[in-house]
Amino acid sequence: MDALLLRSVQNYVLDTFGEARWKDICDAAGQPGPTFEPMLRYPPGLADRIAETAAEVLGRPVHAIWEDVGTYLVTSPAHEGVRRLLRFGGVSFSDFLHSLEELPGRARLALPDLDPPEILLSEVGPDRFELRCRSKLKGMPRVLAGMLMAMADDYGALCLIEAGKDEVVTISVLDSRHSRARAFDLAFPGR
Amino acid sequence: MRRDLTGARLKIDSITLARFMPMHLLLGADGCAQSVGPTLAQVLQDKARLGTPFEEMFEVRSPGGAVTVHEVLERAGHRFRLWTRTERRCGLRGHGQSLPWDGRILLNLTFVDPVGAVRDHGLTDADFAATDMATEVLFLAEATSAVTRELKGLNLRLEGARIAAEEEAMTDPLTGLRNRRAVDLILDRLCAARSNFGLMHMDLDHFKAVNDTLGHAAGDFVLERVGRILRDQLRSEDCAARIGGDEFVLIVAGRSEAATLKAIANRIIARVGEPMEFAGHAIRVSASIGIVRSANCPSAEAAQVSAAADRALYAAKHAGRGRAVLAD
Numbered sequence: 028m029d030a031l032l033l034r035s036v037q038n039y040v041l042d043t044f045g046e047a048r049w050k051d052i053c054d055a056a057g058q059p060g061p062t063f064e065p066m067l068r069y070p071p072g073l074a075d076r077i078a079e080t081a082a083e084v085l086g087r088p089v090h091a092i093w094e095d096v097g098t099y100l101v102t103s104p105a106h107e108g109v110r111r112l113l114r115f116g117g118v119s120f121s122d123f124l125h126s127l128e129e130l131p132g133r134a135r136l137a138l139p140d141l142d143p144p145e146i147l148l149s150e151v152g153p154d155r156f157e158l159r160c161r162s163k164l165k166g167m168p169r170v171l172a173g174m175l176m177a178m179a180d181d182y183g184a185l186c187l188i189e190a191g192k193d194e195v196v197t198i199s200v201l202d203s204r205h206s207r208a209r210a211f212d213l214a215f216p217g218r
Numbered sequence: 392m393r394r395d396l397t398g399a400r401l402k403i404d405s406i407t408l409a410r411f412m413p414m415h416l417l418l419g420a421d422g423c424a425q426s427v428g429p430t431l432a433q434v435l436q437d438k439a440r441l442g443t444p445f446e447e448m449f450e451v452r453s454p455g456g457a458v459t460v461h462e463v464l465e466r467a468g469h470r471f472r473l474w475t476r477t478e479r480r481c482g483l484r485g486h487g488q489s490l491p492w493d494g495r496i497l498l499n500l501t502f503v504d505p506v507g508a509v510r511d512h513g514l515t516d517a518d519f520a521a522t523d524m525a526t527e528v529l530f531l532a533e534a535t536s537a538v539t540r541e542l543k544g545l546n547l548r549l550e551g552a553r554i555a556a557e558e559e560a561m562t563d564p565l566t567g568l569r570n571r572r573a574v575d576l577i578l579d580r581l582c583a584a585r586s587n588f589g590l591m592h593m594d595l596d597h598f599k600a601v602n603d604t605l606g607h608a609a610g611d612f613v614l615e616r617v618g619r620i621l622r623d624q625l626r627s628e629d630c631a632a633r634i635g636g637d638e639f640v641l642i643v644a645g646r647s648e649a650a651t652l653k654a655i656a657n658r659i660i661a662r663v664g665e666p667m668e669f670a671g672h673a674i675r676v677s678a679s680i681g682i683v684r685s686a687n688c689p690s691a692e693a694a695q696v697s698a699a700a701d702r703a704l705y706a707a708k709h710a711g712r713g714r715a716v717l718a719d
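Chains as they are written, first to last, in our numbering: chain A, 28 to 218; chain B, 392 to 719.
Read the hints as simulated data drawn from the structure, not as lab findings.
Some hints here could point you the wrong way.
Computed far set for chain A versus chain B, every beta-carbon distance over 10 Å [to be verified]:
| no. | residue |
| --- | --- |
| 1 | Gly45 |
| 2 | Lys50 |
| 3 | Thr62 |
| 4 | Pro65 |
| 5 | His90 |
| 6 | Ala91 |
| 7 | Ser103 |
| 8 | Arg111 |
| 9 | Ser162 |
| 10 | Ser199 |
| 11 | Ser206 |
Pair ranges (Cβ atoms, derived) [what the hints assert, rightly or not]:
| no. | chain 1 | residue 1 | chain 2 | residue 2 | range |
| --- | --- | --- | --- | --- | --- |
| 12 | B | Leu542 | A | Leu201 | 40 to 46 Å |
| 13 | B | Gln488 | A | Leu201 | 34 to 40 Å |
| 14 | A | Phe215 | B | Gln488 | 44 to 50 Å |
| 15 | B | Leu565 | A | Ala91 | 33 to 39 Å |
| 16 | B | His672 | A | Gly72 | 52 to 58 Å |
Here are some chain B residues the structure puts well away from chain A; computed CB gaps all over 10 Å [what the hints assert, rightly or not]:
| no. | residue |
| --- | --- |
| 17 | Gly442 |
| 18 | Phe530 |
| 19 | Phe598 |
| 20 | Ala694 |
Computed from a predicted structure; not experimentally measured.
Even for Gly, the Cβ is constructed at its ideal location relative to N, Cα and C.
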């Protein structure tokens with residue numbers, strides 16, 4: 028998981044702030060090179076450390092960086108695959124929310140040694156949810172929150188999503204058909 | 392568990408049946424369609440009409456030789472495979488049985504290739520029962536292809552890094568010329584292939600004096616300058632290497648005429664002999680070159696060719712420096 032998030036932070040910073048800032052971050056973090064390989068292994072905790080360095084260099088709070096990375100993963104056209112995999116969760120945003128508990132299991136089917144976060148979703152009231160995320164990565168709840176914000180847009184739902192303390196993300200669905208959902212075809216467009 | 396279950400017999404209307412089993416096919420005792428699940432209907436297209444006999448809708452792939460639904464059930468009701476008789480053939484697997492109370496036949500089918508079926512028939516989530524693993528399969532197919540793509544990318548990047556590292560291991564960092572390792576490899580290869588080539592061993596005259604009087608920076612400057620001259624004078628298929636302090640080896644590929652090699656060597660000597668200027672100091676060095684031709688080395692072993700070039704260089708130095716000597 029560290030490797031995937033490191034690569035995500037790398038792509039997010041490169042696409043949003045440019046190569047020079049990314050190099051500054053890697054230098055400040057004492058990294059030997061500017062590239063993280065998503066399929067290799069990195070020491071646990073490195074992803075959080077790089078994000079903290081990125082926060083210092085970019086002058087933004089680290090939680091905002093993680094949320095932006097989550098949103099970036101879903102919305103960036105280069106990562107269309109991530110959006111598609113999440114959309115397999117269901118036909119509506121609430122279907123999708125409920126499917127999040129299944130997501131780690133599905134992810135492990137494809138990458139058995141992934142070590143994804145543990146996700147628990149509770150329905151705490153009508154259209155109100157609490158998502159608990161347990162992960163070795165400190166930034167993980169924020170990444171999920173950022174992804175959820177982007178996925179709500181994707182489904183055309185108007186939501187209030189907040190990541191609070193204790194790895195809990197609260198979700199209030201204000202209008203599940205606020206706007207038109209983005210099209211999703213089960214068949215992979217590339218084939 | 393065996394007990395009389397007739398009391399637990401269910402009455403199910405076709406809408407409920409369609410919801411639970413969107414790929415079912417209910418046939419009369421005559422083997423003609425009475426109800427077609429909505430997803431199966433989408434796949435069967437115009438063949439999905441009620442009253443159509445089973446064998447007009449499907450070609451049976453297994454059990455082999457079966458044609459009618461009765462033959463299928465008799466031999467392999469627990470698991471059979473079909474092809475739809477539609478323009479775009481769709482592979483299905485299923486099981487079925489005749490209902491004991493009225494002799495009608497219920498089949499439930501599934502896609503052999505859900506990825507292809509979804510693509511060919513534009514199916515959506517709503518076309519699959521919630522318990523169907525089809526979306527898991529689709530998810531997995533995409534996730535795996537994403538992982539494979541990443542791994543391919545990783546392989547390419549690692550290959551690039553390997554080539555760069557290999558290149559670096561063959562390069563003299565100061566001059567950008569090849570190094571001794573590269574010369575050994577190239578020479579071995581040329582000798583093993585019995586190729587035609589010319590080998591020159593070159594050494595700078597008065598280089599030590601430059602180092603001693605003007606310092607190492609001046610020495611490095613001279614070496615870089617000579618490196619550039621050698622690159623200019625040789626073709627890309629040739630090899631110019633620095634194999635030690637002020638020692639160079641040149642391999643001229645495909646040429647072993649004495650005149651050509653001597654001309655190249657003399658050109659290099661002339662260029663190296665031109666005055667250089669470093670930090671306001673005029674520097675003059677010269678070069679001595681020993682030449683050996685592959686044609687003159689019948690044994691064609693790298694070590695012997697090198698030794699012959701060495702001897703020629705020694706002769707050149709002995710004969711007064713700033714000249715080229717051909718070993719013949």
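Outcome of the hint check:
no.	hint	result
1	Gly45	holds (21 Å)
2	Lys50	holds (18 Å)
3	Thr62	violated (8 Å)
4	Pro65	violated (6 Å)
5	His90	holds (27 Å)
6	Ala91	holds (27 Å)
7	Ser103	holds (14 Å)
8	Arg111	violated (6 Å)
9	Ser162	holds (19 Å)
10	Ser199	holds (25 Å)
11	Ser206	holds (20 Å)
12	B:Leu542 to A:Leu201: 40 to 46 Å	holds (42 Å)
13	B:Gln488 to A:Leu201: 34 to 40 Å	violated (50 Å)
14	A:Phe215 to B:Gln488: 44 to 50 Å	violated (36 Å)
15	B:Leu565 to A:Ala91: 33 to 39 Å	violated (48 Å)
16	B:His672 to A:Gly72: 52 to 58 Å	holds (55 Å)
17	Gly442	holds (31 Å)
18	Phe530	violated (4 Å)
19	Phe598	holds (36 Å)
20	Ala694	holds (40 Å)
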